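Novice: One-letter residues, chain by chain:
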Amino acid sequence: MNLNRRWIEKGMQWGLFLTAFASISVLVMIAFFLFTEGLPIFKKVSLKAFLFGQYWYPTADPTDFGIFPLIVASLAVTLLSALIAVPLGVMTAIYLAEVASFRVREIVKPVVEMLAALPSVVIGFFGMVVMAPLLQNTFELATGLNLFNAALMLAFMAVPTICSISEDAIYSVPNNLREASLALGATHWETIIRVVLPASISGISTAVILGMSRSIGETMVVLMVAGGSAMVPAALFDPVRPMPASIAAEMAEAPFRGDHYHALFATGMVLFGFTLLFNIIADIIANKYRQVGEATL
Amino acid sequence: MIRKLQQHVFFNLFRAAATVNAAALILLTGFILLKGWRAVTWTFLTQPPLDSMTRGGILPCIVGTLVLSLGAMGVAMPVGVASAVYLNEYACGGRLLRIIRLGINNLAGVPSIVFGLFGLSFFVIYLKIGVSILAGALTLGVMTLPVMIGATEEALKAVPDTYREASLALGATKFQTIFRVVLPAAMPGILTGGILGLSRAAGETAPIMFTAAVFFRPDLPESIFDEIMALPYHIYVLATAGTEIEKTRPLQYGTSLVLIALVLGMTLAAILYRTRLRRRMR
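Chains A and B, in that order, are what the protein sequence lines are.
Residue numbering for the first sequence is 1 to 297, as defined by the working numbering.
Residue numbering for the second sequence is 1001 to 1282, as defined by the working numbering.
Since the hints were made in silico from the structure, they are not lab data.
Please read all numbers here as calculations on a predicted model, not as lab measurements.
Every residue, glycine too, gets a C-beta built ideally from N, C-alpha and C.
There's no promise every hint is true.
[Unchecked claim] Taking lysine-lysine pairs in the BS3-like style, the calculated list, with each CA pair at most 27 Å apart, reads:
#1 B:Lys-1157 / A:Lys-288
#2 A:Lys-10 / B:Lys-1174
#3 B:Lys-1035 / B:Lys-1174
[Unchecked claim] Here are the simulated distance ranges between beta carbons:
#4 A:Leu-83 / B:Val-1009: 18 to 24 Å
#5 B:Leu-1013 / A:Leu-134: 48 to 54 Å
#6 B:Val-1009 / A:Pro-133: 44 to 50 Å
[What the hints assert, rightly or not] Examples of chain A residues lying across from chain B (beta carbon under 7 Å, computed):
#7 Val-45
#8 Ser-46
#9 Leu-47
#10 Leu-51
#11 Ile-94
#12 Val-112
#13 Ala-117
#14 Pro-119
#15 Phe-125
#16 Pro-255
#17 Asp-259
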């Protein structure tokens, strides 16, 4: 009986231990399968020609597999959306953590969470039917489906991420720092800008990077509103084709295990690499510059 | 005086930023509601699409989305809860724990389209499951795993240590304590996480594009190896690749409304329930 119990105990602990590795094994498997399906393209084109090639004509004859325009497009929509989302997200976070009353916070926080829950396909749809005609008419453009529209829609998907992580960071700043600053005669605003924000800057940076990581990987929005033209954008209102859009749009037509298919997996590798890089940087910042009490200020 | 004014100006700016978020949510849902409510009739909810998807309803899509997201939680919940139990109850710091955590954080950041590629190459092709409900549910399940782990960990942390100590003092083993005391106490929080995971899985399009979703299939699926229609994919198809994009606008609004109602309804329910739980904990 007793022995039995101990065996169950040990067995369960091992079982749980192995399950805890599920996430990391999935991550490794994702990398592995992207590589096995993506690497064969490099028999056709060199890594340099793939990454820096100016032309993406996967179905033309002869084919061109240069994803440089796609990479530039991805980075452009991400940076532009960050320009909108970072101020908005961080300011909302400050408002929630420092300024708002308990009641207001109880209402606004769920609003931000609901914004995060909105299906991306619906946001993309909204961009197509509302924002695109609006942009087209106001600025007299050839098409409202462009870089700016995509960045705007992406911004609203990144705001909740940036806001909630920043808020946690601001919230966890020890209260005696605030009290010390106020006791020295600083106003609430001065306390926020000179004491609270510097103390939570690592958390806010993590939030910004994770928000950008979400933007660069977001698929449906860029698939539906970015315009789809595989060229390096020269202006704010140029149609673009970011990496996720290219994969999503072309995979269905790419012949199974043909060059195009492998090229799309290789594009997935590049995308995966970008988000992995963002996440690891965020993780390093979060761990290295973590505010422990007030001793490290 | 000027300092007070400065504070006033900036605080109002912050308030405005928060308002923009609320406005965005209201604008988007309000617009879809306004344009879509006329399309959502009983026939719309209970009929398959007709006339190359220019008339009729979305029943197969609703069923498909429910089946896929429930299936996803069937995968993510057991694995997620077990992972969280290990991380919160057994693991004690160290390098291994840090690696596991890094894995979870990075999995949470993997783009949805990459999950789609993974599902295609692993479940559909390598395991030879084919484009099917099973492959789609597995892909979505893997994607929602980090959500589930996070929610369960939060729920486990909220269980007071005195519960554990009392159970251990009565002679229960660690596993008995977890299974009979800690998990039941954390169950409401875990279920809340499950609902959030469900709503996340229901709204995703990219992971099911190559693994489960089909353009058109009027009858309901018979087995888990069938392809299936789904609400998000249906919206995408009608809005971008349909035969008559303008003519099917009402259907697009209607489908969007149903999807939003489903996803936001579940999210709101989970949020309200969680708020009540937290209040009781205090």
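Novice: Does Ile-94 of chain A pass the interface check with chain B, least Cβ-Cβ distance below 7 Å?
Specialist: Hint on Ile-94 of chain A: holds, closest Cβ of chain B at ~5 Å, below 7 Å.
Novice: Against chain B, with CB atoms and a cut of 7 Å, does the hint on Leu-47 of chain A hold up?
Specialist: violated (19 Å)
Novice: Given the hinted pair Lys-10 of chain A and Lys-1174 of chain B, is their Cα-Cα distance within 27 Å?
Specialist: holds (10 Å)
Novice: Under 7 Å is the threshold here; is the Cβ of Ala-117 of chain A close enough to any Cβ of chain B for the hint to stand?
Specialist: Check passed: Cβ of Ala-117 of chain A comes within 4 Å of chain B, closer than 7 Å.
Novice: Could you check if Val-45 of chain A really has its C-beta closer than 7 Å to a C-beta on chain B?
Specialist: violated (19 Å)
Novice: Hint Val-112 of chain A vs chain B: min CB-CB distance below 7 Å?
Specialist: holds (6 Å)
Novice: Would you say the C-beta atoms of Leu-83 of chain A and Val-1009 of chain B sit inside 18 to 24 Å of each other?
Specialist: Holds: the Cβ-Cβ distance is about 22 Å, inside 18 to 24 Å.
Novice: Cβ-Cβ distance between Val-1009 of chain B and Pro-133 of chain A: within 44 to 50 Å?
Specialist: Violated: the Cβ-Cβ distance is about 35 Å, outside 44 to 50 Å.
Novice: Classify the hint on Pro-119 of chain A as holds or violated, based on whether any CB of chain B lies nearer than 7 Å to its CB.
Specialist: holds (3 Å)
Novice: For the restraint on Asp-259 of chain A, tell me whether the closest CB of chain B is nearer than 7 Å.
Specialist: Violated - the Cβ of Asp-259 of chain A stays beyond 7 Å from chain B, reaching only about 16 Å at its closest.
Novice: Hint Phe-125 of chain A vs chain B: min CB-CB distance below 7 Å?
Specialist: The hint holds - Phe-125 of chain A has a Cβ within 7 Å of chain B, the shortest such distance being about 5 Å.
Novice: Quick one, are Lys-1035 of chain B and Lys-1174 of chain B close enough, alpha carbons at most 27 Å?
Specialist: Distance ~56 Å between Lys-1035 of chain B and Lys-1174 of chain B Cα, so the pair is violated.
Comparing the model with each numbered hint stated earlier shows that hints 3, 5, 6, 7, 8, 9, 10, 16, 17 do not hold.
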